[in-house]
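Enquirer: Single-letter residue listing:
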Amino acid sequence: MVSVRRVVLDILKPHQPNALEFSRAIAEIGVDYRVRLTVLEVDEDTETIQVEVQGSAIDFEMIESTITSIGGSLHSIDEVEVQSEAD
Amino acid sequence: MSLLHQVRFLLRITRTHDIVRRYFVVNGFDGALTMLGLIIGFLLSTSADLSVIINACLGAAIALGMSGLSSAYVSEAAERKRALGKLEGAMVTDLQESAHGEAARLVPLLIALVNGAAPLIISLLILIPLWLSSAGIPLPLSPLYAAIIIALLLIFLLGVFLGRIADISWLRSGLQTLLVAVMTAALIYLFAGH
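Residue numbers (the working numbering), protein chains in the order written: chain D, 6 to 92; chain U, 2 to 195.
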């Protein structure tokens, strides 16, 4: 079985919801998710953020869907850490 | 997410919670002053039947409610649509299925409900003594005077609410709005009292 342990995402989002609410929404997806959000650039209506998610088994599709539902747009997956384990 | 939490979230991301508060006070004040004006007008007129006064006031209350509902919906829907379009342009993506799209659909409805309900509910509260009297329940004073007192009290309370928003003296703010009501009554006496 292969588990995704860490992903670093490049996201464009509106100013609202703010960084705290955005991180919380992602963290709420999993029971042991640890989210680290960094604002890279702030424009008039948007901001570019880097989000790092760590967990024992990250559900990437769910994270992507949550990002879209709160108004963000996933631009790229910048880093991934995946671990293979015996079933 | 609970409904209340969802509503607060949508108001926050569209930064419209202050608009809801402002509409509540502005249109609530409208309702209270309109009822005050109508009731003083009836007091100064030849004695009309209580049911006539109630129907006239109720008609005005419903009209105020509908006016508040429709005008706020039309204007807010246009504003939210414009804001969403601007955001979609900046994001270069379709936000219809996101929280922002949901907010653009629901926030105008919520604001319209507050804008319509505020004058309607305040007007209905002012009319309570008139209904009680027409139902045969004895009141310590004339129903029209009792309605005026309730109107003045509600106007004072709206001022208190404004004072709390602005974080200034609630008493001073309440007295300021009360002064507006007293001036309105004085003007009605001046122009309609002859």
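Take these hints with a grain of salt, some might be off.
As the list claims (entries may be wrong) - Some chain U residues judged to face chain D by a derived CB distance under 10 angstroms, without partners named: (1) 8; (2) 10; (3) 13; (4) 15; (5) 49; (6) 83; (7) 91; (8) 93; (9) 94; (10) 96; (11) 98; (12) 99; (13) 100; (14) 101; (15) 103; (16) 189.
Simulated from the structure, these hints should not be mistaken for lab results.
Note that CB positions come from ideal geometry on N, CA and C, so glycine has one too.
Enquirer: Against the structure shown, which of the earlier numbered hints fail to hold, in ascending order?
Expert: Violated hints: 1, 5, 6 and 16; rest satisfied.
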